[in-house]
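K.L.:
Sequence:
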Amino acid sequence: MHLTLLKCKLHRACVTHAEVDYEGSCAIDEDLLKLSGIREYEQIQIYNVTNGERFTTYAIRAEAGSRVISVNGAAAHKAAPGDRVIICAYAGMTEAEAEVFKPDLVYLNEHNRVIRTGDAIPAQAA
Numbered sequence: 002m003h004l005t006l007l008k009c010k011l012h013r014a015c016v017t018h019a020e021v022d023y024e025g026s027c028a029i030d031e032d033l034l035k036l037s038g039i040r041e042y043e044q045i046q047i048y049n050v051t052n053g054e055r056f057t058t059y060a061i062r063a064e065a066g067s068r069v070i071s072v073n074g075a076a077a078h079k080a081a082p083g084d085r086v087i088i089c090a091y092a093g094m095t096e097a098e099a100e101v102f103k104p105d106l107v108y109l110n111e112h113n114r115v116i117r118t119g120d121a122i123p124a125q126a127a
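Residues 2 to 127 in my numbering are what the sequence shown lists, from first letter to last.
One thing to keep in mind: the hints can contain errors.
Once the Cα atoms are required to be at most 20 Å apart in a straight line, the calculated EDC-like pairs of lysine to aspartate or glutamate come out as [to be verified]:
#1 Lys-79 to Glu-98
#2 Lys-8 to Glu-43
#3 Lys-8 to Asp-32
#4 Lys-103 to Glu-20
#5 Lys-8 to Glu-31
#6 Lys-79 to Asp-105
#7 Lys-8 to Glu-98
#8 Lys-8 to Glu-100
#9 Lys-79 to Glu-100
#10 Lys-35 to Asp-120
#11 Lys-79 to Glu-20
#12 Lys-103 to Asp-84
#13 Lys-79 to Asp-120
#14 Lys-35 to Asp-105
#15 Lys-8 to Asp-120
#16 Lys-8 to Glu-64
#17 Lys-103 to Glu-43
#18 Lys-79 to Glu-24
#19 Lys-35 to Glu-54
No lab work stands behind these hints: they were computed from the structure.
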């Protein structure tokens, strides 16, 4: 059986730019790409916590240390500077691979500084 699992995410990143006239994509600080495991040109899902929009695009590299999260092209209509977003990438794997897999989770503050990392999401309390 083939499963698709959350590979990695940047949780509550803050959008720094929304550039309609830039080639469509999402520019992400190179340091955050490396830490999260998101690859340049990888398909990503973006969930806008601020306005509820959900959309698909791909990641491109922004300057390391810049803390840039720039939503570009048509997607720029779905996010604005200051919006908090969750950026996720998924991976296909076998049942056996899924049994031992742990995602790379990176939690950010409003300045896109890492506040913690992890490999599991706690069970939601009732």
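K.L.:
Please flag the earlier hints that this structure goes against, numbers listed from lowest up.
P.N.:
As far as the earlier hints go, 1, 4, 6, 9, 12, 13, 16, 19 are violated by this structure, in ascending order.
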